[in-house]
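Trainee: For the record, the sequence lines run as chains A and B.
To convert, note that position 92 of the first sequence is 961 in my numbering; the numbers rise steadily by one, no gaps.
To convert, note that position 2 of the second sequence is 871 in my numbering; the numbers rise steadily by one, no gaps.
Remember, identical chains collapse to one label, so a pair may be satisfied in a single copy or spanning two.
Using 27 Å as the maximum straight-line C-alpha spacing, the simulated DSSO-like pairs for lysine-lysine come out as follows:
id, residue 1, residue 2
1, 944, 916
2, 916, 945
3, 945, 1077
4, 1077, 1051
5, 1074, 945
6, 1077, 944
7, 1055, 1066
8, 1071, 944
9, 944, 1060
10, 1060, 945
11, 1012, 1077
12, 1071, 945
13, 915, 1012
14, 1077, 942
15, 942, 915
16, 1012, 1074
17, 1071, 1037
18, 1071, 1051
Everything labelled a hint here was simulated from the structure, so no lab data went into it.
Protein chains: 2
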Amino acid sequence: MKRDLDIRVAIIEDDETIREGYAFLIGNTPGYKIAGTYPSCEEALKKIAHDDPDVLLLDVELPGISGIEALPKLKKLLPETHILILTVYEQEMLIFRALGNGAAGYLTKNTPPEKIVAAIHEVMDGGGPMSAHIARMVISSFKRNESTPLTRRETEILEQIATGKSRKRIAEELYIDLETVKSHIKNIYHKLNVHSKADAIKAAKDNKFI
Amino acid sequence: MKRDLDIRVAIIEDDETIREGYAFLIGNTPGYKIAGTYPSCEEALKKIAHDDPDVLLLDVELPGISGIEALPKLKKLLPETHILILTVYEQEMLIFRALGNGAAGYLTKNTPPEKIVAAIHEVMDGGGPMSAHIARMVISSFKRNESTPLTRRETEILEQIATGKSRKRIAEELYIDLETVKSHIKNIYHKLNVHSKADAIKAAKDNKFI
DNA sequence: TGTAAATCACCCATTGCGGGGTAAAAGAAC
DNA sequence: GTTCTTTTACCCCGCAATGGGTGATTTACA
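Input sequences plus hints: build the corresponding full structure.
Mentor: Now the structure itself:
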């Protein structure tokens, strides 16, 4: 083994007080060491590949390139590094964009220091640390709407339509007649008050019917 | 206020030792009380509405009706109850089906007792408790594949196709010519080695290109 | 014994889809 | 400053899919 066993942590955060606070906290915790701290993504992109952290704490609201925008570039520079988002923002859009771009966890800034250290350990251990409220939002995004107006079969067919399959193919795969599929689709359109595939899919997704 | 402030917890679990173990643990923790314990979903569906728990610990592998199958019915009986899945299984399919059916959290059975109690508190507090490995899988499900063969525009157009929109409508919304959209689609099909909308969408979703 | 769900039928006109080839213009990278 | 990629646009062709109208039968559940 070429290097010691400490977990190497880097921080990108524009507020110096916060940045140095975290660095002090983590640097003084046994088993952890600071690999680098940067006030901006521009700075980080220049030096971070050399500093080679195991875990990166990333703020999303930064001057210049935002943390979210920099995520793909950082992931490319550091494919093995676990990136933890650390922010005050809890908008769905930001969360899902961050997770879609490779973030391994999402913490809000009111997280107590010991939980941040625990989250770093957790992500190294194959976990996906999230603040409570974030986790709830993530879980909610999976939840279907139980009061759908669509029947079982209608829901099933609309799901198939949403995969891009033609009515003919859907009929074959469900072992029913093409005319039956057409009937179901007409009923779906009436119930959702739409007149096209695209509008039906949108209405159903917006309402979590599919 | 009609009832005391203790958090009312119910448990559905077929193994008596485990069930009584959890009940003992939770019942003896200040602030918590056991509202009911049931060895099967059939039993629970009969009595649980009367017991009216705040949180329900639900096993997925049960004799008779499985926990997952019973989820929609339980949710209907107890719309306000937070349901926590407690299981040894970590298959993606089970996890996403449970969350889609209204589970508010997902714990594995190797979770230490004090963490189970913490999870009950967390879910009452608006959180979404998950075991570390589960959380990682949930987060991974959002992650895009960064090594896509598709260009930015191609990805954008394939996403639009996946919403069910016609080529004409896509062209209008992106302010480009219909012929341009057709060109992009041809390129997408070549790159993904497919010959239809449905196959392109499937290939792209399977590989997390969209 | 009704009511809802799922099934199948035949009508119509319009639009969309997949595949062939070609190529100019704008950006990014070296 | 030239090369490579990306994005844009145009022509051809024929088959398949879509949206909508109306009506009828069977199955299942309460």
